[in-house]
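Chemist: Given these sequences and hints, build the entire structure.
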Amino acid sequence: MRSCFTLFGWADSKSLFPGVLAAALRGIARLKILLDPPRPQAHQPATKQVAVKAAARKKMRMRGVVAAFGPGRVMVRIKDEIVQCWRSEVEKLLQGMTVLVVPETHHYHYLAYSQVVEGDKALEIGSDFGRCSVILARACGDAVGVDVMPERVAQAQATFGSPNLKFITLDCLKETEKLADIGRGRNKVFIDINGNRDLDAVLRCIRHVQERVRPQLIVVKSLRLTEKMARETFTEA
Numbered sequence: 076m077r078s079c080f081t082l083f084g085w086a087d088s089k090s091l092f093p094g095v096l097a098a099a100l101r102g103i104a105r106l107k108i109l110l111d112p113p114r115p116q117a118h119q120p121a122t123k124q125v126a127v128k129a130a131a132r133k134k135m136r137m138r139g140v141v142a143a144f145g146p147g148r149v150m151v152r153i154k155d156e157i158v159q160c161w162r163s164e165v166e167k168l169l170q171g172m173t174v175l176v177v178p179e180t181h182h183y184h185y186l187a188y189s190q191v192v193e194g195d196k197a198l199e200i201g202s203d204f205g206r207c208s209v210i211l212a213r214a215c216g217d218a219v220g221v222d223v224m225p226e227r228v229a230q231a232q233a234t235f236g237s238p239n240l241k242f243i244t245l246d247c248l249k250e251t252e253k254l255a256d257i258g259r260g261r262n263k264v265f266i267d268i269n270g271n272r273d274l275d276a277v278l279r280c281i282r283h284v285q286e287r288v289r290p291q292l293i294v295v296k297s298l299r300l301t302e303k304m305a306r307e308t309f310t311e312a
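Its first residue numbered 76, the sequence shown is counted upward by one per residue in my numbering.
For the record, the hints were derived by calculation from the structure and aren't laboratory data. Certain hints may be false.
Below 20 Å or equal to it, Euclidean Cα-Cα: the simulated SDA-like pairs (lysine to any residue) are [claimed, not checked]:
{"id": "1", "residue 1": "K303", "residue 2": "E286"}
{"id": "2", "residue 1": "K241", "residue 2": "E286"}
{"id": "3", "residue 1": "K303", "residue 2": "R287"}
{"id": "4", "residue 1": "K196", "residue 2": "K303"}
{"id": "5", "residue 1": "K253", "residue 2": "P225"}
{"id": "6", "residue 1": "K196", "residue 2": "I257"}
{"id": "7", "residue 1": "K196", "residue 2": "R287"}
{"id": "8", "residue 1": "K249", "residue 2": "A276"}
{"id": "9", "residue 1": "K196", "residue 2": "E179"}
{"id": "10", "residue 1": "K241", "residue 2": "V209"}
{"id": "11", "residue 1": "K303", "residue 2": "H182"}
Modeler: Right, dumping it as structure tokens:
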């Protein structure tokens, strides 16, 4: 099955927005490799968007980073050379689903503050006791937190539940139809299940969200996935 995301970026404390685009260009196609094992590819007609993605992958291999933004253009530094890309080309890469992975809780909370705005509808998977879900609800006014542990869901609901924030018990790896129902219309999804799940489970959760919810943005807190991303990106030949 063809991946339904366009862009993957890993972010550390020095590469959060606006620098997160630089991290995304470095890391593009990494998650595709993890989620989609190599297999025979059916021939598809070349399109301009495919060409743009190919160019971005080339930049990644050359350790391209965004240096500055200009009117209609993005300045990209590739090694010691500065080149220009049309902003429209970058926007094409950002169309559809964007997946960002961060290693630590404070990075995760930072993106909850900065990437969710009024009018969004947010979902947190792995809401635990509800602290990040509260941030999301305050930012957009409509958030749902889900967790596999009923006792934590009950405590979060008792502590933080409100008309614009509710908590529901859900195992996103097993109850995918329920995930689709809860996630319907939610355009920002935050995932923090790495505390008690292995890396494969995190990747499966991302896949279920992509296929069942199809949000504009997925933010994942996973130290293991961040380390794997960094290791594979910077050891790439």
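Chemist: Against each hint, give a clear statement of whether it holds in the structure.
Modeler: Results of checking the hints against the structure:
1. Between K303 and E286 the alpha-carbon distance is near 23 Å, which puts this suggested pair outside the 20 Å criterion.
2. At most 20 Å may separate the alpha-carbon atoms for a hinted pair to count; K241 and E286 exceed this at roughly 23 Å.
3. Using a Cα cut-off of 20 Å, the hinted pair K303 and R287 is violated, with the two alpha carbons roughly 25 Å apart.
4. This hinted pair does not check out: K196 and K303 have alpha carbons roughly 30 Å apart, beyond 20 Å.
5. A threshold of 20 Å between alpha carbons decides the hint, and for K253 with P225 the separation of about 15 Å falls inside it, so the pair holds.
6. In summary, the hint linking K196 to I257 is supported, as the alpha carbons are separated by about 11 Å, within the 20 Å threshold.
7. Annotation: proposed proximity of K196 to R287 holds, straight-line Cα distance about 15 Å (limit 20 Å).
8. Proposed proximity of K249 and A276 is supported: the alpha carbons are some 11 Å apart, at most 20 Å.
9. Between the alpha carbons of K196 and E179 the distance comes to roughly 23 Å, so the proposed pair goes past 20 Å and is violated.
10. Proposed proximity of K241 and V209 is supported: the alpha carbons are some 10 Å apart, at most 20 Å.
11. Straight-line distance between C-alpha atoms of K303 and H182 comes to about 17 Å, which keeps the hinted pair within the 20 Å bound.
Violated hints for the displayed structure, listed by number in ascending order: 1, 2, 3, 4, 9.
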